[in-house]
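A.B. asks: Dock chain B against the given chain A, drawing on the hints supplied.
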Amino acid sequence: MRATRSDDTVLDKAVVPDQYIARVVATGAAGIDLFVLAIFAWAEPMFGNIYYALAQRAFDWTVENVKKKTSLAMSRSMAYHAEVQHAIADMALELEAIGPHLDSVAQDWSDGVDHGHMWGAKLVAVKHRAVEGAWKVVDTAMDLAGGFGIFKQSGIERLFRDARLGRIHPANAFLTREFMAKTVLGISIDEKPRWG
Amino acid sequence: MAVGTNHPVLSDDILARCAERAPVYDRENRFFHEDFEELRQAGYLRMIVPQELGGLGMSLAQVCQEQRRLAYHAAPTALAVNMHLYWTGVAADLWRTGDKSLEWLLRGAMAGEVFAAGHAETGNDLPLLYSTTKAERVAGGYRFTGRKSFGSLMPVWTFLGMHGMDTSDPQAPKIVHAFMPRNTKGYTINET
Numbered sequence: 141m142r143a144t145r146s147d148d149t150v151l152d153k154a155v156v157p158d159q160y161i162a163r164v165v166a167t168g169a170a171g172i173d174l175f176v177l178a179i180f181a182w183a184e185p186m187f188g189n190i191y192y193a194l195a196q197r198a199f200d201w202t203v204e205n206v207k208k209k210t211s212l213a214m215s216r217s218m219a220y221h222a223e224v225q226h227a228i229a230d231m232a233l234e235l236e237a238i239g240p241h242l243d244s245v246a247q248d249w250s251d252g253v254d255h256g257h258m259w260g261a262k263l264v265a266v267k268h269r270a271v272e273g274a275w276k277v278v279d280t281a282m283d284l285a286g287g288f289g290i291f292k293q294s295g296i297e298r299l300f301r302d303a304r305l306g307r308i309h310p311a312n313a314f315l316t317r318e319f320m321a322k323t324v325l326g327i328s329i330d331e332k333p334r335w336g
Numbered sequence: 118m119a120v121g122t123n124h125p126v127l128s129d130d131i132l133a134r135c136a137e138r139a140p141v142y143d144r145e146n147r148f149f150h151e152d153f154e155e156l157r158q159a160g161y162l163r164m165i166v167p168q169e170l171g172g173l174g175m176s177l178a179q180v181c182q183e184q185r186r187l188a189y190h191a192a193p194t195a196l197a198v199n200m201h202l203y204w205t206g207v208a209a210d211l212w213r214t215g216d217k218s219l220e221w222l223l224r225g226a227m228a229g230e231v232f233a234a235g236h237a238e239t240g241n242d243l244p245l246l247y248s249t250t251k252a253e254r255v256a257g258g259y260r261f262t263g264r265k266s267f268g269s270l271m272p273v274w275t276f277l278g279m280h281g282m283d284t285s286d287p288q289a290p291k292i293v294h295a296f297m298p299r300n301t302k303g304y305t306i307n308e309t
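Protein sequences appear in the order of chains A and B.
Note that the numbering used here has the first sequence beginning at 141, numbered continuously upward.
Note that the numbering used here has the second sequence beginning at 118, numbered continuously upward.
Just so you know, these hints were derived from the structure itself, not from any lab.
By construction, the Cβ of each residue, glycine as well, lies at the ideal position given by its N, Cα and C atoms.
Treat the hints with caution; some may be incorrect.
In the DMTMM-like style, the derived pairs of lysine to aspartate or glutamate whose C-alpha atoms are separated by at most 20 Å in a straight line are [what the hints assert, rightly or not]:
{"hint": "1", "chain 1": "A", "residue 1": "K332", "chain 2": "B", "residue 2": "D286"}
{"hint": "2", "chain 1": "A", "residue 1": "K292", "chain 2": "B", "residue 2": "E308"}
{"hint": "3", "chain 1": "A", "residue 1": "K153", "chain 2": "B", "residue 2": "D283"}
{"hint": "4", "chain 1": "B", "residue 1": "K291", "chain 2": "A", "residue 2": "E331"}
{"hint": "5", "chain 1": "A", "residue 1": "K276", "chain 2": "A", "residue 2": "D230"}
{"hint": "6", "chain 1": "B", "residue 1": "K302", "chain 2": "A", "residue 2": "E331"}
{"hint": "7", "chain 1": "A", "residue 1": "K153", "chain 2": "B", "residue 2": "E238"}
Label pairs and their computed distance ranges (CB to CB) [said to hold, decoys possible]:
{"hint": "8", "chain 1": "B", "residue 1": "T214", "chain 2": "A", "residue 2": "A170", "range": "14 to 22 Å"}
{"hint": "9", "chain 1": "B", "residue 1": "Q158", "chain 2": "A", "residue 2": "V150", "range": "26 to 34 Å"}
{"hint": "10", "chain 1": "B", "residue 1": "E145", "chain 2": "A", "residue 2": "E331", "range": "26 to 34 Å"}
{"hint": "11", "chain 1": "A", "residue 1": "R334", "chain 2": "B", "residue 2": "K217", "range": "34 to 42 Å"}
{"hint": "12", "chain 1": "B", "residue 1": "R147", "chain 2": "A", "residue 2": "A313", "range": "26 to 34 Å"}
{"hint": "13", "chain 1": "A", "residue 1": "A219", "chain 2": "B", "residue 2": "T249", "range": "27 to 35 Å"}
Only chain B is shown next, with the shape it has when bound in the complex:
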């Protein structure tokens, strides 16, 4: 059993402060920087990383309870960190089955990397499975061109988990799932 079972990751004090700030963030229409810092320090962003890699190794069922507690006090904060949490959850599930291809992501989360999600697109009603973003094979990687709609965590992500479609073979189009580092050239963030 993981460490977190009977010990919530977030203290009642942290939750109370998040609840106090939630209406302020809403009124001022700004990112929850103070909440984010408290969550980070409390280990909330590492709770899913397997214990073998230094995390709390929490299961989906356990994390759902944590998210429920946080969302009761500050739903937007829980919603935004959801994006980071699900990426670490995916990586942890694969890792547990012996697929270590995303171990770098789990180690990154331990080192403070923040993962956001860029899946939503205008003109695509089957998110994840298709994409209006073009992915082209280039030497040593893939080149992405398109527009990702409202992705949470914009001010703080260090990797944007996203996807694009490679149609170079029209008979066998492919979806390319990638994590774009923050310092990549060739993208802009447009405030909504």
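If we strip away everything but chain A, and leave its shape as in the complex, we get:
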């Protein structure tokens, strides 16, 4: 994701005038008003879709590639190798689940469906499933590419590096699990101490 040009910003007494102060809210979950929730609502499913699409590209490339790959031990292409078929199936099974999950959450938000206190957890969950699944797909694509996959000219090397970053964007797996578990257990995110 090098093209994003993601640099650091060091703020040293930078004054922002009141006209550009969007919200002043409580810290923690108590401060989740529509402004804050909508940040999650737009950012999380879109993150998910980006990594889903990236995985789909890696998948499409792999499907074409294994049809061309040969092995001394095979009479036909690697597409006839049982383990290759197993891996291709695993990738397809992942992708089959990610798309509809993303679509339903985005549609629910667009339609104003009331998921009540579950909304936050649902939004981080869909991003989590998408990026974790996408990573599995791209990791398997690398397996199926063989040694060629690590070379720049394969194109898979770049997708592989990029796909890993989906798991770093907020909410990461730790936070997703904390949100989900506490939400379904009826524990406030703001409760102190946080654990134990």
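C.D. replies: Then chain B, alone, in the frame of chain A:
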């Protein structure tokens, strides 16, 4: 229904060119200026602005499909513009509920303003809800001191959407969400 429903905002030609440039940007480790210009001209940065304000009024579900198409061809480009898109999405959602407090942002997006996001911080595992950046009330605004990690769109943003924590009342700390104009004094961008 919004205009964009059955007509993708980006043509296949634009997407093909983005796909062609993606490996070049990666290899040269540089910002996607050419993609950005094409997206801007195609109206991609205005697609979420409500139709009443001149945009395409696209919903989250529709925008997700657009982002999916773009990311298939150039994922880093889609990821970086995601930051601008989600700010316009937040503003549009509020606007539709009758809260016009961020209408300026939507009008700004129509006029070419670019919104980036500064939420990531070292030493804070609850982004958005807490902050290691200090926000202090001063006459006419808030003063921010802290470090925001890897924010996309650095070369082109005109407003950085960010947050800080005001702990002046230790019993009731507050999170201050602000959009810092590019020409603000008191910040530096450190290349990563």
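A.B. asks: Does each hint hold? Answer for all of them.
C.D. replies: Results of checking the hints against the structure:
In summary, the hint linking K332 of chain A to D286 of chain B is supported, as the alpha carbons are separated by about 19 Å, within the 20 Å threshold. The straight-line distance between the Cα atoms of K292 of chain A and E308 of chain B is roughly 24 Å, outside the 20 Å bound, and the hint therefore fails. Between K153 of chain A and D283 of chain B, the direct Cα distance comes to roughly 13 Å. Compliance with the 20 Å bound is thereby established for this hinted pair. Among the hinted pairs, K291 of chain B with E331 of chain A is consistent with the structure: their alpha-carbon atoms are about 17 Å apart, no more than 20 Å.
Taking the CA atoms of K276 of chain A and D230 of chain A, the gap is about 9 Å. The hint holds against a cut of 20 Å. Taking the CA atoms of K302 of chain B and E331 of chain A, the gap is about 38 Å. The hint is violated against a cut of 20 Å. With a C-alpha separation of about 17 Å, the suggested pair K153 of chain A and E238 of chain B falls inside the 20 Å cut-off, and the hint holds. At about 20 Å, the beta-carbon gap between T214 of chain B and A170 of chain A stays in the expected band of 14 to 22 Å.
In this structure the supplied range 26 to 34 Å holds for Q158 of chain B paired with V150 of chain A, their Cβ-Cβ distance being about 33 Å. Between E145 of chain B and E331 of chain A the beta carbon distance is about 48 Å. The supplied range of 26 to 34 Å is therefore violated. The supplied range of 34 to 42 Å is met by R334 of chain A and K217 of chain B, whose beta-carbon atoms lie about 37 Å from each other. Checked against the hint of 26 to 34 Å, the pair R147 of chain B and A313 of chain A passes, with Cβ atoms roughly 31 Å apart.
At roughly 52 Å, the beta carbons of A219 of chain A and T249 of chain B sit outside the given window of 27 to 35 Å.
Going through the hint list in order, the structure does not satisfy hints 2, 6, 10, 13.
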